[in-house]
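**Student:** All chains, full assembly: derive it from the sequences and hints.
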Amino acid sequence: MSRFLNPAKIGLLALIELYTSKSVPTSSILDVLSFITSHLIDNDISSSASSSSDRWRRAENTVSLVVSISDFEKVLMPHTAASGIPGRSLWYAFLHKLWEIDSLDALHEFFDNCSTLLVKTKDELRQDAEIGIPPPAPDVIQLSRNSPFGAFVRRSQLEFTRLRFHDAIELWKDFVKYRQTTAAYYRKKTPAFQRLSFDTVLLAGESEWGSGVEAIASVVYGDMLKDDLNATMPVSTDDIEKLLEFQIDQMQKYGNRIPLEIRHQFHDLVMDSYMVPSLSHYLSYLEAWRAGDYATSFDYLHRYFDYTMHNRDKSFYQYALMNLAVLQADFGCHKEAIAAMLETVSTARENRDMTCLNFALNWLFHFGQARPEVTRELESKSQLGTGKESLAFLRSQAKETGTWSLFSSALMSSAKMCLSQGESVATALEYLVRSSQILVERNMNNMIGSQLSINIALWDRLGIAYLSATICEIFLQCHARHSIFDDGLKVTSRQASMLALKGKYDEALGKLESLDVDSLRAWKPSQYWHKFRGIIKLRRDLHHNNLDGAELLLSQLLQSKSEDLEPDLAFVIDTLHVDCLARRGNYEEAFTKVEKMIVELRDENKDIALRVRLLLLKAELLDKCGRSPKAFTIAVRATNVAWRARLIPYLWPAVGALANVLSSLGDFAPAIRLLHAVLPRSLECDNAAMTAKLYAHLGDAHVGLAGTMTSPPKSNQNKRREHLMKGVEAFEKAFNHYSSIEDVNKQCEMMAKKATIMKVAGDYALANDYAATYLALRRDAAQLKI
Amino acid sequence: MSLNERERSQLRSALQEAVIKCSERCLYQSSKWAAELLDAIPEPETSPDDSRLSDVSSGYSTVIAPNPDPDEAILESKELSKYLLAKSFFDCREYDRCAAVFLPDSTLTGIISPKDAGATPKGKGKGKSAVGSSKPNNGQVIPKISQRSLFLCLYAKFMSGEKRKDEDAEMVMGPQDLGTCKNKQLITVSRVLEAWFESHKTEDGENVDGQGWLEYLYGMVLAKEKNEELALYWLVRSVHLFPMNWGCWLEITSLITRVDDLNRIMARLPQNIVSFMFHIYTSLELYQHDANLASSLDQLTNIFPSSSFLLTCNALLLYHAKDLVAAEQSFSQLLAIHPRRLDSLDHYSNILYVMNARPKLAFLAHLCSNLDKFRPESCVVIGNYYSLLSLHEKAVQYFRRALTLDRSCLSAWTLMGHEYVELKNTHAAIESYRRAVDVNRRDYRAWYGLGQTYEVLEMHTYALWYYKKAAGLRPWDGKMWMAVGSCLQRMGRNQDGIKALKRALQADSYYEIGSSFESAADNMRGDPEILLQIAGMYDNLGEIDNAKAYMEMCVAQEVGLPGESQGESIAIHHDSPDRGSDDGGDAGDGGDRGVNSEGTGVTAATSKARMWLARFAMRTEDYTTASRLANELCQDGVEVEEAKALIREVRSRMESAGEGSAPRGRDYSVV
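Chains as they are written, first to last, in this note's numbering: chain A, 1 to 786; chain B, 787 to 1457.
Treat the hints as calculated values from the structure; they're not laboratory data. Careful: at least some of the hints might be erroneous.
[Claimed, not checked] Here are the simulated EDC-like pairs of lysine to aspartate or glutamate, each with C-alpha atoms no more than 16 Å apart in a straight line:
#1 B:Lys970 with B:Asp954
#2 A:Lys593 with A:Asp579
#3 B:Lys1159 with A:Glu170
#4 A:Lys502 with A:Asp686
#5 A:Lys189 with A:Glu100
#6 B:Lys1159 with A:Asp167
Note that the structure is a prediction, hence the values are computed from the model and not measured.
**Tutor:** Spelled out as structure tokens, the structure:
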């Protein structure tokens, strides 16, 4: 098997020859040329593939061209030839060209003649002039030596001269086989065609040798003439390498797995290639990694290192370690991963490989952020310094060495850290803008994903849900196809969770379902995807008060929590767990759980928003237990923190909690004032549950205020009624919001409150109505549960 | 010569015996040859009858042949198991181990250095009483083993030496490969054999007849030691004792360098069918081709109708007779009958090369490479193909591979020399040719190539010597004589040169008459090239009449000839290997190929001759002739400018002649 040449390439050469001989009519030149070019030039700038199936089309094309000649037929059949017998298709002209190569010698001649396609060099022209050969006419198509076609022709020629004789034979035999499928068509149009026309020597020898010709043919062509089942495909190492690089590139760029069909085809090709590049082990490794097959991927990674050891010396050792560390981390072997990465750092230092060092430090930093429990010991040894310092170091390093992706990712990390520590939003924004500038300047569209995720988080934290939803949409519409699938998945889940907060569960699930199935074959994303779906369903179940179903889901989600879950998902699951426990009425356990989480968080110095949320949870639990006053300090603290960190979506519930505490203490008027100030802003947050709760608190406060006006004065009576009505109104609003998120319990509660108020207000008819509605709701809820 | 059924079955059984005996002694090639020949005898058409059944019962075991000599038979049966051990070692190419089965090293040293052994205590302690210098006792040192076993282990020793020699030489044409590596086991083997033959002498000093095998080995060893007369003696003895050993005949062939030698030795040889074959084969090796040879080949072919060996001989005969088309056909038939036989396909490739049959040569190379790409023959075929494609580096690479596989591959050495000439690497070319000649002194192409290379280097005296060698090997080949002639011309020896070239002319016509394959052409034909050259030399010598006569003859070649046959035209290319190099540098060479491929017509040589004649006519004031010739030149389109100038001059002369006589001095200035 040759390194570069195969029958398909001979076909391309023949096609180029046809083109230069002007056999291609003007109308079809574009098709023919683009066909040739698509197989000569690697990068496909034009096809910024919109769907993932398009992405792999290139690989499919390469494979099918190698395997059979029918690709040529598809392109050439519709066109007519400009020269030769009129009415013949270009396909015939092409075949004629191929069948003219009727012996091994003709193949040699064919390659020899290739140089006539090229523009002559100055030396050649001079020599020609000396001999008296006139320079070619100006209207002859000649390929410039460095054009893609010229380079291809020259390379083909060179590779052909480099072939050893038996390789040339192999090429010839492959070519005969490749061409043979067209024999039927060609025979119809060519009267002189015979059975042995594929080799003129055999054809000529038929008369001379008689029956011996069969024996000779079988000696020369082996079993090829019969239908050989073990026939190998005529693939060259060059094709294999190209395909490998393409696949690895795709996998690394988009983080998805190879479609099954292509994988099978490729596997067949590799089986037939006499030399398997070591890169294929890397491909297997990636594939196994994505498939979540730890043992296999580990094995393949080591195999790849072993096979590449001979040509990349020890200076690449750190990259090997880095790969290893990433792999280990992905499969949850955090200790091993850290060890490997630390060795990477020291080797990179030793070898003065700044790029590698920076990358490793960056990775370590992120890893430390995500898994503080693993890196804690390290920090104390001050090998890395604290997060901030190492980030500053990374930033300056990246700027110095000009590794822009690292620089921007360091900037993003800084922004993220600013946000999570509740520092100035302006600083975070500054970082973001700087990083975005780099991204735009350097056109690093693969980093846009993470940039936009931080953006989304930022707007979310600032309580401008609309903006973050818009950015989600922008990413999915414009950038998703350039970036790794993980980013797309995360943003989609983000969108889904926003929808879920608005109560549009089906839509949210629909968003998740619409993700590319093929990309989800990768193990990690599919895990994430499954868990996220689980979370949304769990939330819905909780709201529907379908606690049995919720517990079932929870038990599944909690199972795998410790190993490999993304930290943010783990937190969401924990809060939902608390919610579930609270709904079950198991306040004690819920409370201990919250306490535990608070302790963990405090230890790990985590995101400030999470702390606020936990505080709020605690306050809520206390409230539910009827010990609202105890929650006063908690609520004040939460409000304080949220205010300072501009954690708007948590500020409003914190204020709400505070108002609730105030109402429970009897300070209804300030509570109402607080809530009035908060409510309009909270509507911006698109968080129905929160708004509903605020309205409920408002209603409570109004009713409470009305309660203080029980004394007879008339004006009081009026005021009381007014407050009661306001309360009803607030409850009505709360009810509406709750019903939008289908929270049955709360709906019932609101309805009950409304009924009670009506009763107190003396409007029994309405009270009855509400009571009836309440009962209906209960019934529906019971049905929903089933 | 046809055989009756009884003779045929005798022949068959003799060949069967030969196959078994040769393979017993691990003489693989000889056994293959005999087996091929055996297969070529047509089977009797009789239906199964009693005789066949009795054949089966009386037929000996196919593994081991019985020995007619009772003593030997007893010995052989005694040591059967040891012999089998040794043979399996040999089959596994563990030569030293094989030799040690019967002749351990200690025994060998005892035999080799009997005189020294007397001095060394070790040898004395071990070597019985026989270690003295008295020769007859040496035989006792050799263990009492059968001749077959002795042959096997000595042959193994010899082979191990050959193997080591090849290994020592390392790369082909590398620093170690100077042809100086010797087979170090030769001495051992020859000493042992010497001792053995000494001990088996009759009282009156005559050698007792052995089985023929040890004689063969001894002859071979002696030939390697360049002791050719003695070697021939032993080899002839061997073929008397056992005529079916083809390897032995081949050794004899390699010792014969001239036809005279062959004729002389034929008298000493037994008269049987194998010696008949030997005669044909050796004649072919000496590039003979006459009707006798053809007829005797025909006779043999009657006995062995499908023998690949004889078919090859036939094809080679045709090839030597320069009937390339017929030779090609006969090889092609051979290929159809035995499509998997690689032997001698390198000759076929030479023929295809000369015929410039590129597709067929490519096909042949494909076939060979498919069968076995690591056979010297395959490599030569591939090399030839690459050479035809003008890919000389690759060709050299394949010839080198052929030589790595088999250093005695003669044609590879010569062809590699040609390729080096193409690559302008004259030193390597000379070395290659020299090695070819060392391997086989009969290879005229190598001699000729050497001459050519030296001519390129302008060392004419050397070149002449080698050309003469080549011409001596092929006295009937005009190309050789032409080379000699041109070389002499360069050296200023015009008289000798003319003789040589005349000889060349004769040689060419000899072909016409001598070969029975071509219709006789007119005897006044000859290469215009040679004629021109002769004329030029006569001109130089001042013998204007002769010069004119030859010039006219040269011009006459243009017309009267019925077109040169293809065979002739091609012969010049390969048989006399002027592949590429500028063929003695004579000016007319550029047109040489043109002449031949076009057959007849105007060539550079004839045009030159015509120009000379025209000028001569001018000188002799024969203006009409001059003008006719010059006009012809104009028509032919060769040297038009000069011819036109001539015509103008003729006109002015004729005009001035009308007016008065022109000054004569100018005529000479024109010439």
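**Student:** Hint by hint, note whether the structure agrees.
**Tutor:** Hint-by-hint comparison with the structure:
1. Proximity of Lys970 (chain B) to Asp954 (chain B) is assessed by CA-CA distance (about 11 Å); at most 16 Å being required, the pair is judged to hold.
2. Taking the CA atoms of Lys593 (chain A) and Asp579 (chain A), the gap is about 11 Å. The hint holds against a cut of 16 Å.
3. A distance of roughly 13 Å separates the Cα atoms of Lys1159 (chain B) and Glu170 (chain A); the hinted pair therefore holds under the 16 Å criterion.
4. A C-alpha spacing of about 6 Å is found between Lys502 (chain A) and Asp686 (chain A), which places the hinted pair at or below 16 Å, so the restraint holds.
5. For the suggested pair Lys189 (chain A) and Glu100 (chain A), the alpha carbons sit about 14 Å apart, so the restraint of at most 16 Å is met.
6. At roughly 11 Å between alpha-carbon atoms, Lys1159 (chain B) and Asp167 (chain A) fall within 16 Å of each other, so this suggested pair holds.
Hint violations for this structure: none, all hints satisfied.
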